[in-house]
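Chain W: place on chain B using the hints.
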Amino acid sequence: MDYDVIIIGGGVTGCCIARTLSRYDLKICLLEKEADIASGTTKGNSGVVHAGYAADRKYKKREFCIRGNKLFDQAYKELNFPFKRIGTLVVALEERQIKDLVYKRNYGTEDGVPGLEIIIDKNRIKQIEPQLTDKAIAVLHAPSGGIISPYEFTFALAENANMNGVEFFREHEVIGINKIVAGFEVKTKPRKFTSRIVINAAGLYSAEISRMAGADTFEIYPRRGEYILFDKNSIHLNKVLFPMPTRLSKGILVSPTIHGHVFIGPNADNILDIEDVSTTIRGLKEILSGGLKLVPNLPLNAAIRNFAGLRAVSNTMDFIIEATEMVGFVNAAGILSPGLTAIFAIAEEVVRILVEDLGEELKEKENYNSYRPKPEHLSDFTKMKLNQKIKENPAWGRIICRCETIPEAEIVNAIHSPVGATTVDGIKFRCRAGMGRCQGGFCKPRVMEILSRELNIPYKEVTKRGKGSHYLINNVLCIELTEDKKESKGVTEK
Amino acid sequence: MKSLDVDIAVIGAGSAGLGAAIEAKKQGMDVLILERNDELGGITLQCIHNGFGLKIFKEEITGPEYIQRFIDEVKELKIPYKLDTMVIEITEDKEIYAVNKKEGLLKIKAKAIILAMGCREKTRGAINIPGFRPAGVYTAGQAQRFVNIEGYLPGKTYVILGSGDIGMIMARRLTWLGCEVKAVVEIKSYVSGLIRNQVQCLEDYNIPLILNHTITKIHGKDRVEGITISSVDQNWDQIVGSDEYIECDSILLSVGLLPENELTTKAGAELSTNGGPVVDNYLETTIDGIFACGNVLQVHDLVDNVSAEAKRAGENAAIYIKERSNKEQIKKDLIKIVPGINVGYVKPDYVNFSNLENLLHFHLRVKEPDRDVIIVIKEVNKIVYQRVRSFVIPSEMIEIRTKFKSEVISPNCRELKIEVLPVSLLEVIDEVE
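Listed in order, the protein sequences are those of chains B and W. Position 156, counted from 1, in the first sequence is what the numbering used here calls 156; the numbers after and before it change by one each time, with no gaps. Position 418, counted from 1, in the second sequence is what the numbering used here calls 418; the numbers after and before it change by one each time, with no gaps.
For reference, chain B alone in the conformation it holds in the complex:
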């Protein structure tokens, strides 16, 4: 066997399981079909750490969410990802909705959600969130709710897993799984892998992966959510704002991001194509009208990007975390909201399944290191510190991304960090170059140049996010002539 455990899927679920299992004496690898981890649902969601009052008591996701929320404090100390418990508000605009807030508060408090409070004093509501509509008559405040950068969180998990021995294989799409004696053979386009245990964390593709392994027990449906992101400093919010939930979702929220932007979204659109992350005119209008109901002063002319993500909805409407009849094949599927919040509880459950259902005797590694240092950011430096960093390494003094003030050193670090960036999007999501208001208008050619230099690939082979996403097709005529000249010169010299 090549490995003890193969994890399929490099989203937040796969990476969190990888990091959690990396504590034990297991040989583990993670397979991801895209050019980078955190490329699917993990990249396109609200980035909210929920307090846990929302889901119905009949679902296990409720319990996982409440437990998961509590596990974030320790993880934050160890992994240094962008995270803040700023608190969330559910906003009632009509008298009859207050009853619902009371249910949420009472049951939530009973189940251990800390600090839930219903506020009806309009002055206090205004004080807590000045941007909230005057039409709000009551809010449910959950101080343990927070915001997180879901992809930077996932990079932190992956880096720490990699530091502790987990091997990552990107651009390794799984195309077949065979049961072999005492394990599985997992086929990808580049090569085959074998292992005793396979963990399916393939998100939108988890039903397909489960079928490949012969465990055809559930279905996954894509549910699209569209978002609009507004420029920094165009508006400031203190809290994550939720409307009253609908049957399909928590509704269109208005929230600050951990980096000081504000976004609105998502809507909930059941679609057929598992890869359709396109935004639509109808959807963008829908989230705008939803957002304006909570925050009438949205800075409509300061939008900098719209995007969509797909939730992986299972036919059970709940998380599917279970050992299957194919012994050694474990599902961690159907992880939609509050999956991000529940993620450490989900990983704990996988460990329990390995021990109790599969009889694994997990032994902790002696040299396990749970600490992942915080990536260095210019924005965290004092002026004196910056001056000193430039003296040590001049690349800190060359600013590549003007909007977010990202120096060359941060980009080089993002490339050479464990499970580092290989694409322009990889840089953008790791260190924010190209994330600002000009959306890479100025810095993209420079970022491409650095990727080309550091990864030793031709400039025009640099992609947005892997295969097929090239920015450039060819040299213009004059450059080709120069290269021809070089070649012919090379021939004569020979």
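Bear in mind the hints are in silico, worked out from the structure with no lab data behind them. Treat the hints with care, as some may be off.
[Stated by the list, open to error] Derived DSS-like pairs (lysine-lysine); straight-line CA-CA distance at most 30 Å:
hint, chain 1, residue 1, chain 2, residue 2
1, W, K102, B, K391
2, W, K367, B, K232
3, W, K109, B, K383
4, W, K102, B, K383
5, W, K107, B, K391
6, B, K467, W, K221
7, W, K156, B, K460
8, B, K285, W, K182
9, W, K367, B, K285
10, B, K232, B, K84
Owing to the predicted nature of the structure, the values given are computational and were not obtained by experimental measurement.
What follows is chain W alone, placed relative to chain B:
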């Protein structure tokens, strides 16, 4: 940390920064230019088409030729400059913090600062185009950089959204390189750029211009495969059933430019509705001794106009240092210049009352195209200036140069309004009066 003192620090070494620095130096000032790029010249370096210099040099030259004359003059005058140097902060006390690889963090104390950071292009997000988010969507200026500076082609078949000048110029440039530009799609009923570019870049090459249309979906998961365009109604809403698919591998956006004023805002200067800083007739911002010129103040259509404005900023900054910086700040008696009917914005935002008899420059853009108009400046309802124009269009900046006789404007005037009215309307007003 290295610190230095200068009379005037110029931020940006494009046509505005160089022009301002040259003039300030000629006035005897100790000037320092800070540029974030690795060479002098700014965006004009990638504008390899002709059409530059007609006003300033009375001849038609290319962008690089135009800017080289300024670069040469900066070198002749031995004006110091720092390249690869990014200003990260400006304080109200005119302290500039900048970084570069060689010197680390620099603290520059200036008696006056000239802001000349230029502008940036609006992106896809700013206009909220729906669809997928593949590679192959570029702003026109970004594509221009790839082609003219880096030497690479972004694609083979293009649709250009927006009829701004750079978009139309790139349509012609890409056609010359053997690419196919399938259409220039404009949401408005008229082109956003200069008429001369519509003729010389689109019509001369039979590139279709599709007005009253916009992109309603971008197709292609990894790389652009095509777009859907739809016609729009007067409110720019999509007309249902008017969709049309066009196959292409690249999309260029030429949908407008925004002054780049992050540093200006950080310094605490006020911005006006056009995105540029609020200035008076000296081009001085709301912060004493900080001046602005070029596209950071207002997006110009001709670089020659940028150079002219830059010269004034350089001169005014020098006057400021010579005459005002060490004296107690004279309380200014300001008259507000207000954009009225069919005026998008006007610069300057204020005029000092005591300068009314000097030559004043006003720059404005109309909101909507119109024919047979009269441009008026009014104090309440009294017309104090008027000029007839046969044709106005938002893409062409209107310049007014005038002096006011002291008796024309009342001593307690606090506001002048600029309007662009149909001539017929004015006749009606006359009759009523």
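Checked hints:
1. Taking the CA atoms of W/K102 and B/K391, the gap is about 8 Å. The hint holds against a cut of 30 Å.
2. Proposed proximity of W/K367 and B/K232 is supported: the alpha carbons are some 28 Å apart, at most 30 Å.
3. With a C-alpha separation of about 16 Å, the suggested pairing of W/K109 with B/K383 holds against the 30 Å cut-off.
4. Restraint check: the Cα-Cα separation between W/K102 and B/K383 comes to about 16 Å, which is no more than 30 Å; the hinted pair holds.
5. Using a Cα cut-off of 30 Å, the hinted pair W/K107 and B/K391 holds, with the two alpha carbons roughly 15 Å apart.
6. Taking the CA atoms of B/K467 and W/K221, the gap is near 11 Å; set against the 30 Å cutoff, the hint holds.
7. Distance hint between W/K156 and B/K460 is fulfilled; the C-alpha atoms sit about 14 Å from each other, no more than 30 Å.
8. The straight-line distance between the Cα atoms of B/K285 and W/K182 is roughly 29 Å, inside the 30 Å bound, and the hint therefore holds.
9. Proximity of W/K367 to B/K285 is assessed by CA-CA distance (about 26 Å); at most 30 Å being required, the pair is judged to hold.
10. With a C-alpha separation of about 17 Å, the suggested pair B/K232 and B/K84 falls inside the 30 Å cut-off, and the hint holds.
The structure meets every hint from the earlier list without exception.
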